[in-house]
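Protein chains: 2
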Amino acid sequence: MTIASVSHIDYDTTPENLSAAQAEFSALLGPDNIDEDQETCVAHSGSRFASADSAHKPSLVLYPKHTEHVSSILKICSKRCIPVVSYSGGTGLSGALAAPHGGICIDFKDMAKIWDLHETDMDVTVQPGVGWMQLNAELAGKGFFFPPDPAPDARIGGMIAMGCSGTNAYRYGTMKDWVVSLTVVLADGTIVKTGNRPRKSSAGYDLTHLIVGSEGTLGIVTEAVLRLTPIPKNPHVAILTFSDTHLAVETALSIATSGAVFDALEFVDQSSLEVVNQSGLFEDRWAEYPTLFLRFSGDEATTQAHSALIKSLSERNKCLDVKISSDPEQVDAWWNVRKLMGKCLIMSMKPGDIFLASDAAVPRSRLADIIVETQEATADVGLFCSTLGHIGDGNVHVAFVCPQELRAKGEQLIQDVQRRALRMEGTITGEHGVGLSLRDMLIEEVGSGGVDMMRNIKLSLDPKGILNPEKIFRIQA
Amino acid sequence: MTIASVSHIDYDTTPENLSAAQAEFSALLGPDNIDEDQETCVAHSGSRFASADSAHKPSLVLYPKHTEHVSSILKICSKRCIPVVSYSGGTGLSGALAAPHGGICIDFKDMAKIWDLHETDMDVTVQPGVGWMQLNAELAGKGFFFPPDPAPDARIGGMIAMGCSGTNAYRYGTMKDWVVSLTVVLADGTIVKTGNRPRKSSAGYDLTHLIVGSEGTLGIVTEAVLRLTPIPKNPHVAILTFSDTHLAVETALSIATSGAVFDALEFVDQSSLEVVNQSGLFEDRWAEYPTLFLRFSGDEATTQAHSALIKSLSERNKCLDVKISSDPEQVDAWWNVRKLMGKCLIMSMKPGDIFLASDAAVPRSRLADIIVETQEATADVGLFCSTLGHIGDGNVHVAFVCPQELRAKGEQLIQDVQRRALRMEGTITGEHGVGLSLRDMLIEEVGSGGVDMMRNIKLSLDPKGILNPEKIFRIQA
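In order, the protein sequence lines correspond to chains W and R. For what it's worth, this note's numbering labels the leading residue of the first sequence as 1, then goes sequentially. For what it's worth, this note's numbering labels the leading residue of the second sequence as 1, then goes sequentially.
Keep in mind the hints are simulated off the structure, nothing from the lab.
Simulated pairs of lysine-lysine, DSS-like, Cα-Cα distance not exceeding 25 angstroms:
{"no.": "1", "chain 1": "W", "residue 1": "Lys113", "chain 2": "W", "residue 2": "Lys193"}
{"no.": "2", "chain 1": "R", "residue 1": "Lys193", "chain 2": "R", "residue 2": "Lys113"}
{"no.": "3", "chain 1": "W", "residue 1": "Lys193", "chain 2": "W", "residue 2": "Lys109"}
{"no.": "4", "chain 1": "W", "residue 1": "Lys79", "chain 2": "W", "residue 2": "Lys464"}
{"no.": "5", "chain 1": "R", "residue 1": "Lys233", "chain 2": "W", "residue 2": "Lys233"}
{"no.": "6", "chain 1": "W", "residue 1": "Lys311", "chain 2": "R", "residue 2": "Lys233"}
{"no.": "7", "chain 1": "W", "residue 1": "Lys233", "chain 2": "R", "residue 2": "Lys311"}
{"no.": "8", "chain 1": "R", "residue 1": "Lys109", "chain 2": "R", "residue 2": "Lys65"}
{"no.": "9", "chain 1": "R", "residue 1": "Lys464", "chain 2": "W", "residue 2": "Lys464"}
{"no.": "10", "chain 1": "R", "residue 1": "Lys65", "chain 2": "R", "residue 2": "Lys193"}
{"no.": "11", "chain 1": "W", "residue 1": "Lys233", "chain 2": "W", "residue 2": "Lys142"}
{"no.": "12", "chain 1": "R", "residue 1": "Lys233", "chain 2": "R", "residue 2": "Lys339"}
Extracted from the complex, chain W is given alone in its bound form (with noise of 0.2 angstroms):
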């Protein structure tokens, strides 16, 4: 469907609509588990990464406790064409949390459970409030884990919106590949489970898959089965320090296409290991150049090979520097900083400075070509530039600290980034989803044969367009 053919889509955010629905709200769920603060609702309409804007707040932030609510809570919206958007751990980088019609939010803390863990099958079922370094922390004792780790405050529900990854997802993949089945509520509040616990299944088409990444246009996860697998044993991290950017990505293109198989492959340019050495959260001083954060596990003589293949690579491709450590304290440290650098990014941040970053991802072959680019391109603009990322999914992230003033040029810089990326037979957007920053540009990437498709589904599912409206696509004209 084009969007100049969709019929009009009239919310109502009327104080007496929003009154009349929140005296339901207040029936259904209690009063004390509505919050009309407009604090809390700006907060509710961005994360740490993608400022929240009072123009796009929601009007009621709502904490449902079961499926059933979140069902009923539907309902009253779709009767009353209420907008609704749902929140779970605010660290989304695309907008998808902001409320430009307005209406309300639907927060998940109060649904964060985990049960039924089966260990033979390797699953466990939990609510969308869950955070994955909780769910982890629970697994440790039983030798299992949840793969995907985006940014440390992530939860489970924004994680299926957003289609999220991170540093595992080389060896992994990503969210969908852990999800195995959804309890979903539809706009009309119908309540829909996706399917049962098998590993795998062909039975009709994809809904689980289609719902994760969909950020909360189509339905409102309020349950997840995800599956797990055993923690990697022996684990090792290897810290390659290059003179050269090149040099740094053809070790990592060595190490993908070589077989063995490594649990993450990361690159770090200078700027990033600049902002982690301001940052004093960390004892050890980085040396600031291009640098490989690998990780790899498994018996003594796979390990044995690992760090012999990365130590031939680095003598080849002249390594200034290679750590190799298994000692778990030094393990966690140095991945830790990894982790930590979006953290690090936001402590550079000055006050009135805003942050933009881009995701976009290449195949592998095109890494270097899309890094060095970019580098040249933001070389003398002005503003602080940090290039990292999962160099072993061939996703690059470029994040702009820039002062308010020079908020177009950095935009501007984020697009060419993008565009490079398509160029190179890339997306737009690697992991972090496109929310209201990406949806204008969705069109250079899947054409407007794939954005009308897009509608489309959107539409039949949702037919008063309330969920999550304007994200991804625009929804009417």
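Fit chain R to the supplied structure of chain W, relying on the hints for placement.
Only chain R this time, still in chain W's reference frame:
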């Protein structure tokens, strides 16, 4: 959308309309690429596993050469309300090739090219008529392979349509895990490219994986970018013979939860080995007992560790016989027995016999239960029953070869297996798809809400319902 609320869909397969369409197809493709031979038409409505039904045949078979041909064909069919089924390898088991409303069949035999092998990116572009064995033969010299391994004659088009898998799914995942992006022609002829070649993307709804497994009902795939992976080094096969199904399953589960990476875990029952022995296809005579076929690979230390694990578990679980080989000829010969079991079953059929199969999947903890309950339920009914399957994935294939007069009984027993799987939190189909044969049972798995959701999506993309009508769910009352 409930089925009752679908406005009536009218197909026009009158001789006048088909004849006018034929003239248009002829101008497009040339008369040599249109086949109206009745035998050809019947043959295209079934497979060796799902017998063709002359009441459900297309009136014409078309042989396009490229995407634009397919787009033009669909524009004609859309304008004229003519149903369209597509055909590649003809190995499906669920009746997805039947043409219950007649119409045309698109056969991809002339769209079987392979191009753009990117070695660093480990991806390749193929047309739907390419067979997976042909693809792997071409890739062998490069050190890569494409893991999904359904029936030996299956081709990429059907493999995508049915969301297939096979013995490699245990380690490598199913078809959806190996499709990077697709070129799809929608019902109205619109050509959509669902993405480029990044290893991951969060750019809007996952159209690629909505199409995988949609059985040709949402769009027709004309090109696919597929991921590849290095050929595993030093492959080993182990054959373990047990006196008892429970002990075989127990052994497989211990391996699956050990953290050791095996390439395949397959179970075969005594009846399956009976037909292997009867087939005359193999030199060796097989002991007719519950048997595990295991495959693993890796460096010397890894394969030694795997062999030691197998031996220790075999001892604990009173294995009657253990054979392990890394001799390439022996490895191929043993694995070939597993791969050709479908053929052996077909060979065991007498004239007039029918083949009935279920491929339900359950959480692995319920594997022994479903196998043993099924064996007990079928022990005294006078039907030949073979049970084998991808035990590592909890996917159990139960097949009956039975005389026509026992069809009703056989069909009832197959449904019992599927309902047993649902009771055990599994799925009615792990890899063969819904087609015509399971559409009325799908509602027991995903509920009426789930089926309505699928029907909404279908009608939003194909409002005239011309693409493979009646498959997966009933399209109208």
